Every structure is written in C-alpha cells, then in structure tokens.
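Asks: Sequence:
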Amino acid sequence: MKTQKGISTIAGITIFIVVAAFAFGGVFAYEYYLKSQIPNPNDQQNPNDQNQTACTTDAKICPDGSSVGRSGPNCEFTACPIVNQTAEWKTFTSDKYSFEIKFPINEMLSQDDISMQERDFYKDSSYKEIFVAMLKYGCDLYVYPNIDDNFLSIIKDTKTYQLSILEHDGKKYYIGYRAASSAVRVSDCISAYNQILPTFKFTN
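Under numbering that gives the first Met the number 0, think of the first position of the sequence shown as 0, with each following residue one higher.
Treat the hints as calculated values from the structure; they're not laboratory data. Model, not experiment: these values are computed from the prediction. Cβ atoms here follow ideal geometry from the backbone N, Cα and C, with glycine treated the same way. Take these hints with a grain of salt, some might be off.
[As the list claims (entries may be wrong)] Below, a list of computed lysine-lysine pairs in the DSS-like style, where the Cα atoms sit at most 27 Å apart: (1) K89 x K135; (2) K122 x K170; (3) K95 x K171; (4) K200 x K170; (5) K101 x K127; (6) K135 x K122; (7) K200 x K127; (8) K59 x K101; (9) K127 x K170; (10) K101 x K171; (11) K59 x K200; (12) K101 x K135; (13) K171 x K89; (14) K101 x K89; (15) K170 x K101; (16) K122 x K89; (17) K95 x K59; (18) K59 x K127; (19) K200 x K101; (20) K59 x K89; (21) K59 x K122; (22) K59 x K170; (23) K135 x K59; (24) K127 x K95.
[Said to hold, decoys possible] Derived CB-CB ranges, DEER-like: (25) D148 x A179: 23 to 31 Å; (26) D168 x P80: 31 to 39 Å; (27) D148 x P72: 55 to 63 Å.
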C-alpha cells in the first residue's frame, strides 16, 4: 500500500509539473504572438526609398560661380541661386520729380555720371523732358513728367521708341529713348531699355 501511495504521489507531482509547463508555455506563446502583431517602426520601409535613384555626381556651374548637383527622382540639376543682376548698378535720383533709376555704368553709359538735365521738349516747349543718360548704342534715355494725352500726338513724330507710361499721384510720366540718328541699331537700344526700365521707381 505504501508503494502504491508513493507512486500516486509521484504521478500527481508529474502531472502538476506538466500542466504548469503547458500553462506557462501558453502564456509565453500568447505574449509572443501579441508582440509579433505590433509593427516595428525600424522594419517599415520609407516608400520614397523604393523610388530613390542613384544620381551621377556631375555638376552645373551657375551664373554666380557656384555649382549645383543632381537630385530628386529624375536626377535633375538643383535650381541655381537667384542672382540680383542690378545689385552692382549705380542708382541715380531726381529729387524734384521723386524717381530713381539704375544703370550699369561701364556697360551702357557713354559718361560716368548722370545729370538729370531738365529742359523744354524740343517739339513743344510747353512740355518738359528730363535727359537721363546717353547710352553707348547711340540713343538717349528720357523721362517726360506730368504729361497729358495730347503729348502722344506730338511725340509720335519724333524718333522716340519703347515709350512706357507710368502713373504716380494722379500724374502721368513717360519714359523712353530717342535715337540720335537713323544709323542707330534700334535692337541694341531696345535690349538696354528693357533691362533699365524695371529699375525705375518713384521714391515717395
């Protein structure tokens, strides 16, 4: 009887150990399953990485002397820095008529200074014109302040080109250039005028 009782005790302990092992194993297995369902951020691939392309290392020289390389999915050159082409230009101001204008001295002007000479318009002395500068291309730049509509009918008979109308404080200003002779290359004057005109602005 004692032997049977001992066997029964051993069997009970064995069964308990087996059940406990299954129980603990089930708990660990369940925890592992839950962890496996949680995504690991380190394992997630950036969608952009899938489309990333290895670009060549060639470079492009920009107008300001800097260089840019290729980037992006199409390996296009990065945009060059924006250069202010008028940064080194000289500013000339008319205090009487409250405007200013810029010029690249050595590139366009025939003289080193601008006097902003006011004089009578040669076709009609009732109008004033401001001689701004003589360009190297044989054309003179003028500003016509406080002009009325009748002025257009007069100036059309002159050799004035690229006449632009600007309004300020209810008054009209005209800016344009006049060819010194018929031999002037008008295309050169137009190119210079189109660069200079955006720098014109009123100062009050």
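Asks: Which earlier hints turn out false for this structure, listed by number in ascending order?
Replies: 8, 11, 16, 17, 18, 20, 21, 22 and 23
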